[in-house]
Amino acid sequence: MPEPPRHNLPAEPNRFVGRERDLDDLRGLFGQTRVVTLCGVGGIGKTRLALRLAAGLVPAYPDGVWLIELARLSRAELVVPELARVLRVGEEPNRPLFDTVAARLRDLRCLLLLDNCEHLVDTCAEVTAGLVAACPRLSVLVTSREPLRIASELIWRVPPLDLPDSEGADAESVQLFLDRAKAVGTRLGPGSLPDVVRLCRALDGLPLALELAAARTSLLSPGQIADRIDDRFSLLTTGGRTAPARQRTLLAAVDWSYDLLSAKEQVLLRRLSVFAGGFDLDLAEQVCAERPISRAEILDLLGGLVDKSLVSCDESRTRYRLLETIRRYSVERLEQAGEREVLRERHLKVLCELQERHFATEMVEPGVPWQERLRALTASRILLDDQRLALDWAAESGNVPLGLRLCTTSTGLLPVGGNPAEIVGWIERLLALDVSGVTGEQIAHVKSFLAYGLESRDELGRSLEVARESLAGMSPDNVFGRCVTHSLLVVVLLRMGRADEALHHAEEGLAVAIRSGDTWNQAAGLAGLSAVALMRGRLREAQRHGEEALARAREHGHRWIMARTATQLGAVAEARGDLVTARGQYDLAVPWLRELANDADLARCLARSGRVAAMLHEFGTARERLAASLALSRETGQRQGVARCLVGLSVLAEHEGDLEGAVLAAAAAATLRESIGQHSATTRMEELLARARAKLGDGRTTSLWSRGRAMSPDDAARHVLEGERAAPGGPPAVAEPVRRSLLTAREQEIAHLLTRGLSNRAIAEELVISPATVARHIANIMEKLGYTSRAQIAVWAAEHPSDSSA
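Residue numbering for the sequence shown follows this note's numbering, beginning at 2 and increasing consecutively.
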């Protein structure tokens, strides 16, 4: 006679996709604890994961695994009767039913799965705590949108499915979408993958949303669905007829969670949608505290939303965020409540006030310790997406004064933050509106920032014009603004070859900075004088001003101005032919720029360091530095940075004895520079071509130059970095690409971080893993790729950007 089943778990309706790591972790927990609660937002896949986990645990529980489905129960008093029904426990006269159930389970080794407890959470907590206390061999698995909050409970937050990288075919979210699309009769080819990747990212890897979207592929392509995903709540409405009502549409799933909130929790959730992404408690208090919610209530209400899985937080509970699906739902609720305009305006005002404080601390106030300045810069950067959202509202609502205030205090949009070009679009958009409420002083001040952005975009003529307009209209009392504008004019004029005019502005800016005691702008002014002297060939004068500039920069303490002055001294040393000192100055700036995470300036400095290392015949260091610089320039979209790397690679190739490679790289650099409107001819390039003609002949040199100009920057860089040699009369050989599948997603991510020269500890901090884990990953990468050094991995990652996690 067959043994009766020891569980009541339903058969899986379709293939279970992904979650293997989650399942492994959860199985291990049941040897350590007796109550595990899977928490997560509606649609995250708690029930499906719990059923899969429970099925795998059946052999470990000889007395059975029993599912108690609570979603259909509407009253708390029905919980114990439902439990008794599943366990086939009859009610005894004159005895509480709970006591009978506990007595039945007392000596059994079994697992109870309490599914969907959130609407009955208090009763479920009481029942679970009572059963665990009375039944020493009993284990309980719970699914709920908020924890039970009992002493024996281990809370396990169910994450979304893994999101894809640029290729993404192996990501859990992509696999689920493809599987469910196949189930409705849609077979998607490789050409659909980019749209599927886009869709999975837009839906946060939320399983319910992915399944509903996949069901739509019977009518729409993945690209059409992705294009319409902003209207996700009306689009994703094709759930199975047998599914619970709350799971048949995405809107119903989120409505279910929202309806279980208290009135004040609902108010806070919809107000939190005003933030672009992550936020902290202080920001939530400043923006969201308004009747009927007081500032003192925000903390407890926010904690409640975290418990109910509608808001997620980091491990330290200092940063919070809403899944994009929840945020979009809450935006609609905010609109329905008539609070959108009020909240967006308050958000803009609070951002202005915060940024003004951060800017003053980081840049202007004297005597501030560096760590405090760095915290201010970090805080400003963290708020960058919110600043963009606030600027968008300023333009939409016509609040030009506040919008311009924000533009002039956002260090994340300035050279210090490594992203100066974006500021151009915001300022021009705001100045195109009605500026009748804006003072002439404010317009003059903001034009200085506009000129900075224009210079970073290589629009030197416009930058010069706007900077002069700024200086002419700016009040003498605006000392910091005037000094910064003078320094910008020095940069622009030197780039235009107008050293005499640049000298005037360097002296003017320095004089104002000295009178005011502004050490930042004293350093900038002295660096400008050094650059003017260098252009004029006055090397001793350039050295003296450069040393004074670095001393003032150290006095101020900001790593950006220190790095700028150190690289200026490096340029002076290079011009003197003192390559060892030059490399030392460039290398001095590298850790400062890494600390700032200023990728654009770091790329520039690494390229200079690599070029000098090549001239010193330190070829391994040169290759590593230039590869890292190239990777950063690609990531940040800096074509000028890529051209700079190609010039450095040309120097490297020539010093390694590959004159042909040197010509190819120089030609590719010339083409790239011309494409961005820069003059390509330089003294070094002319000298290189003269040496090539002398050694290779005019015909061969001309042929190489033509071939190099036709090469892509990537091909030209690969030729030097991978040590390729051109076949006679033919194109350069192309190295066999390392297949992406060799490395896991985490290994690719770590390989990419090595291009920045990070230590194991720095990588561990960035990825929130241990240094030992990083070391194991690096060892695995070396074994898989056949490499023996971190530098080789960095070169590989630089040449395979699509394989990185960037």
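Misleading hints may appear alongside valid ones.
Stated by the list, open to error - Simulated pairs of lysine to aspartate or glutamate, EDC-like, Cα-Cα distance not exceeding 16 angstroms:
| hint | residue 1 | residue 2 |
| --- | --- | --- |
| 1 | K350 | E286 |
| 2 | K265 | E340 |
| 3 | K265 | D196 |
| 4 | K350 | D308 |
Stated by the list, open to error - Now the in silico label distances, taken between C-beta atoms and shown as ranges:
| hint | residue 1 | residue 2 | range |
| --- | --- | --- | --- |
| 5 | I156 | P60 | 22 to 30 angstroms |
| 6 | A552 | D699 | 44 to 52 angstroms |
| 7 | E127 | L30 | 46 to 54 angstroms |
| 8 | A338 | A780 | 35 to 43 angstroms |
| 9 | P772 | G474 | 18 to 26 angstroms |
| 10 | G192 | E354 | 35 to 43 angstroms |
| 11 | R96 | I156 | 29 to 37 angstroms |
| 12 | D283 | E675 | 44 to 52 angstroms |
| 13 | G698 | E675 | 21 to 29 angstroms |
| 14 | A104 | P772 | 36 to 44 angstroms |
Worth flagging that the hints you see were computed from the coordinates, not collected in a lab.
Values in this document were obtained by computation on a predicted structure and should not be read as measured data.
All C-beta atoms, glycine included, are put in the ideal place defined by N, C-alpha and C.
Here's how the hints hold up against the structure:
As the CA atoms of K350 and E286 are separated by approximately 14 angstroms, the hinted pair is consistent with the 16 angstroms bound. Among the hinted pairs, K265 with E340 is consistent with the structure: their alpha-carbon atoms are about 14 angstroms apart, no more than 16 angstroms. The suggested pairing of K265 with D196 is violated, with an alpha-carbon distance near 39 angstroms, which exceeds 16 angstroms. For the hint pairing K350 with D308, the CA-to-CA distance comes to about 30 angstroms; that exceeds 16 angstroms, so the pair is violated.
One distance hint, 22 to 30 angstroms for the beta-carbon pair I156 and P60, holds here, with the actual separation near 26 angstroms. The hinted range of 44 to 52 angstroms is satisfied by A552 and D699, whose Cβ atoms lie roughly 51 angstroms apart. Checked against the hint of 46 to 54 angstroms, the C-beta distance between E127 and L30 comes to roughly 23 angstroms, which is inconsistent with it. Between A338 and A780 the beta carbon distance is about 55 angstroms. The supplied range of 35 to 43 angstroms is therefore violated.
A hinted range of 18 to 26 angstroms for the beta carbons of P772 and G474 is inconsistent with their spacing of about 53 angstroms. Against the hinted window of 35 to 43 angstroms, the Cβ-Cβ separation of G192 and E354 comes to about 49 angstroms, which falls outside the hint. The hinted range of 29 to 37 angstroms is satisfied by R96 and I156, whose Cβ atoms lie roughly 33 angstroms apart. The supplied range of 44 to 52 angstroms is met by D283 and E675, whose beta-carbon atoms lie about 50 angstroms from each other.
Judged by the Cβ atoms, the range 21 to 29 angstroms given for G698 and E675 holds: they are separated by roughly 25 angstroms. Range check, A104 to P772: Cβ separation about 52 angstroms, and the 36 to 44 angstroms hint is violated.
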